[in-house]
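In the order they appear, the protein sequences are chains U and B. Each residue of the first sequence is one higher than the one before, counting from 69 in our numbering. Each residue of the second sequence is one higher than the one before, counting from 69 in our numbering.
To be clear, the hints were calculated from the coordinates, so they are not data collected in a lab. Predicted, not measured: the structure shown is a model, and the values here were computed from it. Hints are not guaranteed to be accurate.
Same chains, same names: a pair is fine if it fits in one copy or spans any two.
Stated by the list, open to error - Taking lysine to any residue pairs in the SDA-like style, the calculated list, with each CA pair at most 25 Å apart, reads:
no.	residue 1	residue 2
1	416	224
2	127	141
3	100	81
4	268	232
5	100	394
6	169	368
7	361	152
8	142	179
9	142	152
10	448	164
11	142	120
12	436	303
13	142	125
14	442	467
15	416	205
16	448	224
17	100	179
18	344	191
19	170	87
20	169	442
Number of protein chains: 2
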Amino acid sequence: MERLPGFRDFYPEPIPHKDVWSADARQYIFGKWREAARRYGFREYDGPPLESLELFTTKSGAEIVGQLYNFTDKGDRAIALRPEMTPTLARMVAAHERAYKKPIKWFALPQLFRYERQQKGRLREHFQFNADIFGERDAAADAELIALLIDTLRSFGLTAEDFVIRLSSRNAWQEFYERGVPGAERGTEGEYQFYQVIDKLERTPPEETEKKLAVLGFSLDIVNRFIEAGEPTVELKAMLDNLDARGLGDFVKVDYRVIRGLAYYTGPVFEAFDRKGEFRAIAGGGRYDNLVKLISGGKVNLPALGFGLGDVVLLELLIARGLLPQFDGGVDVFVLIEDETRRPDSLKLIQDLRSAGRVVEYSLTTAKPDKQFKRAQELKAAHTARVEAGSMVRVRNLSTGAERTVTAAEVGELIGLTNVLPHPGPLREQPSRFKP
Amino acid sequence: MERLPGFRDFYPEPIPHKDVWSADARQYIFGKWREAARRYGFREYDGPPLESLELFTTKSGAEIVGQLYNFTDKGDRAIALRPEMTPTLARMVAAHERAYKKPIKWFALPQLFRYERQQKGRLREHFQFNADIFGERDAAADAELIALLIDTLRSFGLTAEDFVIRLSSRNAWQEFYERGVPGAERGTEGEYQFYQVIDKLERTPPEETEKKLAVLGFSLDIVNRFIEAGEPTVELKAMLDNLDARGLGDFVKVDYRVIRGLAYYTGPVFEAFDRKGEFRAIAGGGRYDNLVKLISGGKVNLPALGFGLGDVVLLELLIARGLLPQFDGGVDVFVLIEDETRRPDSLKLIQDLRSAGRVVEYSLTTAKPDKQFKRAQELKAAHTARVEAGSMVRVRNLSTGAERTVTAAEVGELIGLTNVLPHPGPLREQPSRFKP
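Whole structure, please, built from the sequences with the hints as guidance.
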């Protein structure tokens, strides 16, 4: 039986086949995402992978249905697998925003689904790092969000030579549009069509763009001059100064060719790209100050901004730049059982070491000593340990070859320093409020 | 707009409402699951949440469709949201087992879905810790798996007074059945019906059980005597001895009332229960030596065993026993910006501290000093830091009240020890094989 087209199987490394993905690499990426978000004070949330279809059509219009995994459930509800996280987040924030101090800084690592017409190798699901801020109109929030995106990418070893955040603003384009169409009202169909043309600028032949712009009352020349000038708006200037103060100025540039296709952005927008231009956008985001009001049916009004960073392009980029590590199970010690009469004592040692937090492997059944040792090497175990006469344990460091005989109680300490790393930005546990 | 019935929203703590769940508690549970699995040398995998419907009906028969979230996709495929992980795992193992040394020890933390007739408050999704071993017929593998289950539960602070693993065996019941129905062939409908009666023994009035057993040629009395004797089979004896050697004997007992409803178990089976009997089963599992062969259409034949441990009953139990901690964002330092001319220097300090792995918060915009300090306290920040004249930084430990003035470079070290915990059983990174 086969898996569905467009879905991924994630296997432990080493990867057995080019057609499957690394579960270890996925967890590595998730770990970096979580750590970066926590360092920035973002808190984790999650919602259901299934939502009512209406939640998505309210935000994006009926056209989105063509791209969704949607169906009718046994209770006759029109539902869909989430194609993006923002509608769920807006719903959740609107429901309980009063319980949280502003600004709300939240993140999630959802799996998202799209059913687009099938193209060979095109995925129908991916994972995304979503980070959002609610309740702050000041550009300082936009800068904080972009700094998080930059530091997330930096945490993988990527530098300012590898990627850049192209910074733009819906406000800048809105003013430009209004100068071109004096007296135009906000949110007209014409304005939206204009944004669509700008969004496709880099992928469309100039003649075609020229024609489309003419219909809307603009020339390509005036659009190009606006882009080339790249004069930052007041809000973009504030963001650039803020990021400069953090020492992150090299990672951003104003680039008005970025406008983001979706209708709901309201202020600064941005996309992360690799500098060489080999890949699709790594991440994208911006302000959407009206969405919470829309989703909550007018009950809650909160300014908002956020970004989404997918796992697929990021993974391609890390591989291309030689930045994706290889993973193993991190075995601290392989316990050799060469004499079956020592199996009970060996099991006790194994139990004690695991209880002390060590990663321990051993042969479940009787096996020749050289086969056990070979297995320890295959697993890249840091040490072997063998219970000997008088319950003493012979420990061997497999990288230095050094051997020592110690008591069972001393083994943990002897091998202890191999894998003890500082824990980056953990959740801190408090005494339980549920304690009776 | 509302979320779908039976689905959960996960919010950061403190929880705003009794109707929502804690994302922090969920991540705490996931963390403990992952750490326990890694200490035991299990490696993580994952598969798609959507699979072809056939994968599930092949394993469990057409009856299962009534309990599934199943639908026809736009490509006219009969598909379903996974109700359990084992069919996906069997499919994945069968596809690439040759690339992995045996025994294969894998785990996953999938979200699973069931569409059962609606009952108030009944969930339609949950998360499950799945751990499985492939390629080992010896009872040593069953003992290793059960030890993992025990240590996973112990890692939450649960003891032998809180839970017990009830150990049983399909083989014992099969022999019992064959003694009662001499010459019976294996895998008959009668045998399966008999197991169903045993499975429901504790929830069915004795008269009813008596009647059902009579039809199958058994008396309740002989069944009860077999259960009361509880004579361990050879394989169960080996497992008990193995767990005893590890010092885990107190956590298991033979109890033939456990048989597991599903048709596909073939050997030892087990369930974890709270000692007080207040909750449904915490976890369950056993051997399923024929499933890989069935799912692979006869291509691959591998003995297998595994368990599933859900998040919902576990969470109820932890709360009831006062073992669920309360969580906060673990803020290491709140940077106070009381003078806006110092904001650039403060942003630099914030950036440096975050880059060094610290969790840092601050006020995005101008705020009164006492309001900033109050926010630091609300966030349970361990320290505050304030940039002063000459780029010196005044650091205050909020639990001791101690204050010190240090250079910006020294702040990280001063607050460094608060959150640095040993990292339990991490994946170890190796140099990338992708490096150009």
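Verification of the supplied hints:
no., hint, verdict
1, 416 / 224, "between (39 Å within a copy, 21 Å between copies)"
2, 127 / 141, "both (22 Å within a copy, 23 Å between copies)"
3, 100 / 81, "both (18 Å within a copy, 22 Å between copies)"
4, 268 / 232, "within (20 Å within a copy, 62 Å between copies)"
5, 100 / 394, "both (15 Å within a copy, 24 Å between copies)"
6, 169 / 368, "within (15 Å within a copy, 56 Å between copies)"
7, 361 / 152, "within (18 Å within a copy, 38 Å between copies)"
8, 142 / 179, "both (23 Å within a copy, 20 Å between copies)"
9, 142 / 152, "both (24 Å within a copy, 19 Å between copies)"
10, 448 / 164, "between (48 Å within a copy, 21 Å between copies)"
11, 142 / 120, "both (13 Å within a copy, 18 Å between copies)"
12, 436 / 303, "between (70 Å within a copy, 23 Å between copies)"
13, 142 / 125, "both (21 Å within a copy, 18 Å between copies)"
14, 442 / 467, "within (14 Å within a copy, 52 Å between copies)"
15, 416 / 205, "between (60 Å within a copy, 22 Å between copies)"
16, 448 / 224, "within (24 Å within a copy, 29 Å between copies)"
17, 100 / 179, "both (17 Å within a copy, 22 Å between copies)"
18, 344 / 191, "within (24 Å within a copy, 48 Å between copies)"
19, 170 / 87, "between (45 Å within a copy, 22 Å between copies)"
20, 169 / 442, "between (57 Å within a copy, 12 Å between copies)"
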